[in-house]
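Please construct the entire structure, taking both the sequences and the accompanying hints into account.
Protein chains: 2
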Amino acid sequence: MDYYKESLKLHAEHKGKIAVSSKVPLNNKDDLSTAYTPGVAEPCKEIHKDPKQVYTYTSKGNTVAVISDGSAVLGLGNIGGKAAIPVMEGKAVLFKSFADIDAIPICLETQDTEEIINIAKNISPTFGGINLEDISAPRCFEIERRLQELVDIPVFHDDQHGTAIIVSAAVINALKVVNKNISDVKIVVNGAGSAGNAIVNMLLSIGVKNIIVCDRAGILCREDNTLSPHMMALAEVTNKELLRGNLEDAVKGRDLFIGVSAPKVLTEKMVSSMAKDPVIFAMANPEPEIMPDLAKKAGARVVGTGRSDFPNQINNVLAFPGVFKGALKVRAKRITEAMKVAAAYAVANVIKEDDLNEDNIIPSPFNRNVAEKVAEAVGKAWEEEVRK
Amino acid sequence: MDYYKESLKLHAEHKGKIAVSSKVPLNNKDDLSTAYTPGVAEPCKEIHKDPKQVYTYTSKGNTVAVISDGSAVLGLGNIGGKAAIPVMEGKAVLFKSFADIDAIPICLETQDTEEIINIAKNISPTFGGINLEDISAPRCFEIERRLQELVDIPVFHDDQHGTAIIVSAAVINALKVVNKNISDVKIVVNGAGSAGNAIVNMLLSIGVKNIIVCDRAGILCREDNTLSPHMMALAEVTNKELLRGNLEDAVKGRDLFIGVSAPKVLTEKMVSSMAKDPVIFAMANPEPEIMPDLAKKAGARVVGTGRSDFPNQINNVLAFPGVFKGALKVRAKRITEAMKVAAAYAVANVIKEDDLNEDNIIPSPFNRNVAEKVAEAVGKAWEEEVRK
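Protein chains in written order, with our numbering: chain V, 1 to 388; chain A, 1 to 388.
Hints listed in this document are in silico derivations from the structure and should not be mistaken for laboratory results. Mixed in with the good hints there might be a few duds.
The list makes no distinction among identical chains, and a pair is therefore deemed to hold if it is satisfied within one copy or across any two copies.
Calculated lysine to any residue pairs in the SDA-like style (CA-CA distance at most 20 Å, straight line) [claimed, not checked]:
1. Lys-29 to Ser-364
2. Lys-96 to Val-24
3. Lys-96 to Ser-22
4. Lys-23 to Ala-12
5. Lys-96 to Ser-21
As structure tokens, this is what we get:
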């Protein structure tokens, strides 16, 4: 199936992918007078008296804004807000299909950090959560952090945290397959963009001790004072041995390679230089850092990619629907580190010990149990944190 | 039926009134790969190459943002963005039900004119039109005018123009019933807010020559240099005779009274001072300027209100769904005066000459023909203007 051709056809046929539907009847004068004037004045007054009631009388509690400025869309780069709409509508379809959440694409004409923060803050009354999407690094870090300080609903940059949650789940299960300890393994992350950054921080949260990060210019090291502020932040929490060098140097003796970088950058030779039973997550899209068959030939024990045509597809759709579902249910004010860790373990635990093997470390995106399990775990984690 | 109590129940039961639905299937790997990655890259690329294609491959062309800052909601006043959500969701339900348009409520945290313009402009890529709602005068005038200069999709402040279209339709048919000429009649408009302002301008467009406007401080007259800029603008196109005085003076000898003001301000004595066969549109909500039975007793020939429990309900729902449907269909870049006039005549003409009488000058809000007729007329009017 030619997905590109079929996708054009599908989009043109339906003129986009989402619609609005009404949850109430509107067939006669009484319907009109309760759903709209004069009756509608009453829920308005109740919310005006007690703003919390907005969750009782409006759709806010189940509605998520999917906000993008189109600055880093898929592998396409900075194509702008208008051209990003098909992706954001796709995201809305996934939210609906996997978690029954009503998601609204908001694609922006501006790419200015201050404006994006201000706009997202000011449109927040209608929404129960904000999913930031396809916003380029390093702007995405500041936008997420400062926006979260301004609003009392969860803000979640999926390209960072969704990816980090699923990678962490995959790491947890892959280590069971190769029988290694999370606190012992040496990991190399290739790519220091928004996903790489979040993956590193989350791996540290789940107990990984030894990580190095590699970017186009080589291994990030805190002694390199040419690093940008966000690269330096990454260098400071990784590479305790102060290693320097290129990717070839970086992979030597490592137990896991995690690629969020570019096609074909990992060679068979590099794979064979890794520790025993190496695990490779090659997530560049659509073409991975190394093709799974080559990685296996070079000795990789477990291989995962972002693609649906190979085993172990590392796909965000396993995370964000359940994360928001859980957060909305308990009306969490933000997505904490503990909630993300809980989500990762929930995804990992969907695969029962007996079913776990090198080609089955992560559930299929169509496993409809996942979102529910993730939601439960995320909600519980928030409630435990609040109780503290 | 207690609409207030029922409305609270309805809103709490459904937790709001709108949801998002998917127009495409999502049951297997092929569905996921065409609706989302990797296939979705293709419509993105096409739109990036040719931005007009956003209308082919996304929902933009059928999606309207209903934007409010909650500064002038129903008769409730400035209750803010959050408390305004039930009204905006109601509006979305009406858009869907009457014109199959997907409307998205966007309720704002800010009431700053510059910010509202900037936000609406910057979120416009996703939308095919912008319905401004319940924004207080005089800010609403500037917001609408300046926003329309910045975007290439129609901007329509419904409280102004929707009301003006329906009042104009009611005037057209009421004058047929009392057998008077549009160019001869004398009209008094009571209330110089956003609706009053738009009504005056539209009545001038359909050929009314003699209008005076009254506000709390009395008849607007260009010789009064205490008037605010927008009141002065109104005074300059009305009251050629330079009349001064209060409402009692204003109604004397007038053929039509149009009230967009406050309950009970029009007395029976005032009605009896009007010209022969007076027409009264008393649209204050929920309690009109004069109750219909009192107006009739005092000699009114035709009476209309905003209420559904009396004949001749002057209700915006007859206008905005069709106006947007027509504008979206022809991809109009704005809503011109000619389009609004065409909409008014389309609404008026739904009542056939034989059915026209003093209790039937305006179609019922549930007449499902109206939106279609309005859409046709509005689309045609735009195409005629473009052709010029």
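Exercise for the section: Quick one: which hint numbers does this structure break? Sort them smallest to largest. Expected result: Violated hints: none at all, because every hint is consistent with the structure.
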